[in-house]
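Trainee: The residues making up each chain are set out below.
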Amino acid sequence: MSLRPRIAVVTFPGSLDDGDMRLALELIGAEPVPLWHADERLPDEIGAVVLPGGFSHGDYLRCGALAKLAPVMRSVHAFATAGGPVLGVCNGFQILCEAGLLPGVLRANRQLEYVCCDVTISVEETVATMLSDLEPGTALGLPIKHGEGNWYTDDETFAEIADRGQIAFRYLADVNGSRDLVAGVCNEAGNVLGLMPHPEHAVDRLLGPVGGAQVLEGLVTAARDHLGVAA
Amino acid sequence: MRATVTIRPKSGILDPQGEAVQTSLSSLGYPVTKARVGRIVDLELGADDAAEARSQVERMAEELLANPLIESFEIEIEIEVEHT
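Here the protein sequences line up with chains A and B, keeping their order. Last residue of the first sequence: number 231 in the numbering used here, and the count goes up by one each step with no gaps. Last residue of the second sequence: number 1084 in the numbering used here, and the count goes up by one each step with no gaps.
Since no wrong hints were added, every one of them can be taken at face value.
Partner residues are not named here, just some residues of chain B that face chain A (Cβ under 8 Å, in silico): (1) Pro1016; (2) Ala1020; (3) Leu1064; (4) Asn1067; (5) Leu1069.
The hints are simulated quantities; they were obtained by calculation from the structure and are not laboratory data. Since the model is a prediction, treat every value here as computed from it, not as a measurement. Ideal Cβ positions, reconstructed from N, Cα and C, are used throughout, including at glycine.
All chains, full assembly: derive it from the sequences and hints.
Mentor: Printed below as a string of structure tokens:
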């Protein structure tokens, strides 16, 4: 088996960042495998699945609400339930929330404006497997670009997931009204992670901050571990 | 048979869109103190039993049309009267 774990990158109608995600994964040391939303099965020997950013189904109804019904999502669900690493970025995060794989929901930004800028986020004390090599408090610079990134959940759920270490990232400053500055969360088991900022756009110094590289390195490591291959 | 699903932001849930609408209406000079913006979905159904239709639409709203975390919904079933 090759050292480069195969990581599936799902393209939905309206996905935008699938190409950048594949490039970034290649750069970080994975073998990206394109996957179409209508595919029912995941390719063989896949170490992780990524749902990239974009505007799946034109954001109709609610962001991610229609994409959660895509045929591929049944397999993604099964993969996640079996412990497979799944990363959702921006619209991918919205899809994972709508699909019930991650807690909460992404609402319209508090300021009702699309935001597009570089931000700094901190890695929290989290059970997210992909972040296990990063010290809590690590600051990462990477861009955001979204109109619906205002993460919310009710008080009860918030207390539970915070207790369980499911808050994965926080913004250092408020950018969209997100509850408790949450920028990313993971599931209880820690294998499913979603965040609004874009790691795939932050892997090359020529283009700005490179905080995304550390997140994707974590994904690649998790993919290797899932496949049972040594680095 | 027809059904109308009215989806609203749950009370107490921040509705920035409603706030923006309220601000704009106020700037037009209307004495509006609060606005909440929701969504209406009109459905035409094949079902012919009103109770069955209602329970179907309830499931649709829970599964897809509304997000129960932030939205509430109301269902109205309209039985078409046959014209001769």
